[in-house]
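Visitor: Residue numbers (the UniProt record's numbering), protein chains in the order written: chain A, 1 to 325; chain B, 1 to 325.
Check before you lean on any hint, since a few could be wrong.
Note that identical chains are pooled: a pair holds if it fits in a single copy or bridges any two copies.
As the list claims (entries may be wrong) - Straight-line distance between alpha carbons at most 20 Å, and here's what the computed SDA-like set of lysine to any residue pairs gives:
no., residue 1, residue 2
1, K218, M237
2, K283, G259
3, K275, Q12
4, K275, E245
5, K315, Q220
6, K85, K283
7, K218, D236
8, K85, H18
9, K283, G195
10, K275, T205
11, K132, A109
12, K108, A122
13, K185, R171
It should be emphasised that the hints constitute simulated quantities derived from the structure, not laboratory data. In this text the structure is predicted, and so the values were computed from the model without any measurement.
Number of protein chains: 2
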Amino acid sequence: MQTNEQELRDAQAFLMEHDDFLVVSHVQPDGDAVSSTLAVGWLLSCLGKNYTMVNEGPIPRRMSYLWHADQIIDLSENPLETTYKHVICVDCADFQRVGQTQKYFAEKAHILNIDHHPTNDAYGSVNLIHPKAAATAEILFDLIEFMGIELTEDVATALYTGLLTDTGGFRYSNTTPKVMAAASKLLQYGVDGPGLSELLLEQLTYPQLRVLTKALNKLQLSEDGTIGWVSITPEDMIETGAANEDLEGIVNYPRNIQGVEVGMLFKVINDNAVKVSLRSAGKVDVAAVAQSFGGGGHVRAAGARIEGNLEQIIKQVVERVKVQL
Amino acid sequence: MQTNEQELRDAQAFLMEHDDFLVVSHVQPDGDAVSSTLAVGWLLSCLGKNYTMVNEGPIPRRMSYLWHADQIIDLSENPLETTYKHVICVDCADFQRVGQTQKYFAEKAHILNIDHHPTNDAYGSVNLIHPKAAATAEILFDLIEFMGIELTEDVATALYTGLLTDTGGFRYSNTTPKVMAAASKLLQYGVDGPGLSELLLEQLTYPQLRVLTKALNKLQLSEDGTIGWVSITPEDMIETGAANEDLEGIVNYPRNIQGVEVGMLFKVINDNAVKVSLRSAGKVDVAAVAQSFGGGGHVRAAGARIEGNLEQIIKQVVERVKVQL
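Just chain A, with the same shape it has in the complex (with noise of 0.2 Å):
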């Protein structure tokens, strides 16, 4: 369960021997990808090293309050005028998650990929890949321990935040003995817990709430109670004020039914199309499902973008699914 050793060295080298680094996170940032971008720049400042910190947009506004968070640039409101000879890429799958921070790569670029991602195919100069990690938080946890840097509040509460968001609290499958070991010992460095749970994974804005109860307000189950859906159409975006964003989580009220083996949220996006989100129990594979329609994902969470009317639509995805159960 550890992460490697060879793989720990040759990133220490890396950070080591060189200077000026671009540090850079995936698309869309989450909470582990602005913690694990921090986490470096803080590991980076340690060791007396220049860095600068960049993202394709702009990070959560709810991340605000991690330290050094306002110096990770925007590179759509602020571009750089320069390109940089080594980067460090954090919880990347892949080359293209990096999106158009790419642009400030020099030709040739030597990359340290540090991901937890199953499917990263190692693109990097030096790679950290460790996939049974729960979070890229977990592997930079290991290497700051391995590098014998004593942490401080401010990086704790970085790494504390990568755990929290990406095991859902605590509550995934990739809460392992090591993840719960971790989060102790950076509690240990006076990170507020609690508060960060509140924070991250209670909030809720209003128009988040309003959108919620739209949804549950058009519940459905399937006669025998094993399938439960919801559905959210453009009228119920623009009376609530919800962002796309404000939808994540809804899919989980129909899917936490007891009885119920798959969950999913319709999202009508015009007259003529629909996407559907799916969540499994872990009885049917709805990536088979979502794949039937020309979407993906994973067995437990997959999703379609499907052309049709909302009723239609309902009607085919309910038969597809009943046939897997």
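Given chain A, put chain B in place with the hints provided.
Guide: Frame of chain A, contents of chain B only:
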């Protein structure tokens, strides 16, 4: 933060020196009460002791997966024929919390009182009280370790259940480094942490989700957005088939809205009585508000039963919260 060693020694002596124990917990047992009862039973079985586990009423059906959960006797269904000289009370802050189980305590029974509530008044002959523990399960984790007994998956699952439920899934302010370290160790014994999180923290019944929807449809905010509330009528309960326990957690929805300082749930009991539950984000002492209506509770979670009709009561309570803001 560790449990007091002299108290651990005394508790161990109590278990070693006697036999034929009655193990009881509090009325309307929650996750920690059930888990602690079973963990004590497991410990006694390791010591080769005779014991009887009881509760005043039934244990929640959701917890039937726990080792020997079916051996906790529901005294309302199956009264005992005898009384016990040696009683172990777990998770009971005061003697009255044991409810009807006390009918089976022999006169001058010796009581071992194991609990984590700061208000525990040390009613036992022997007291093992650790107010900084997140759960009674945490104290039992210490006791089992102190006694040098190797954990098994069965008891680890019970202890994890107690930690998980009493910390709200490692989110409340009692989530200490020690809790996370204990959780890490318990997972090493094969506990299905993610499965327990899903079952105990995420799963909803259909009536639960429907009554939540009814409540959310009535969401209101004060003009400045610092107070949010929902309400439930007897008609809502009938229409959705919800029971009182299905209302648990609903008050957190208004409370979790960004900017809200006080969230409230008004439950109409009859034409002339309403029960209000209040939750504070920290600024307002809702216990004081509840007390001013003859209720009580904690600084961040309180409640009261108020005579009057819903509209009047909402107005009064909102006004009284405003004064505190």
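Visitor: If a hint holds in the structure, say so; if it doesn't, say that too.
Guide: How the hints compare with the structure:
1. K218 with M237: both (14 Å within a copy, 19 Å between copies)
2. K283 with G259: Answer is within: at 12 Å inside a copy they meet the 20 Å cutoff, but 40 Å across does not.
3. K275 with Q12: This pair counts as neither: shortest intra-copy Cα distance 44 Å, inter-copy 60 Å.
4. K275 with E245: within (14 Å within a copy, 35 Å between copies)
5. K315 with Q220: within (12 Å within a copy, 35 Å between copies)
6. K85 with K283: neither (48 Å within a copy, 50 Å between copies)
7. K218 with D236: both (11 Å within a copy, 17 Å between copies)
8. K85 with H18: within (9 Å within a copy, 73 Å between copies)
9. K283 with G195: between (35 Å within a copy, 14 Å between copies)
10. K275 with T205: neither (23 Å within a copy, 26 Å between copies)
11. K132 with A109: neither (28 Å within a copy, 53 Å between copies)
12. K108 with A122: within (16 Å within a copy, 71 Å between copies)
13. K185 with R171: both (19 Å within a copy, 16 Å between copies)
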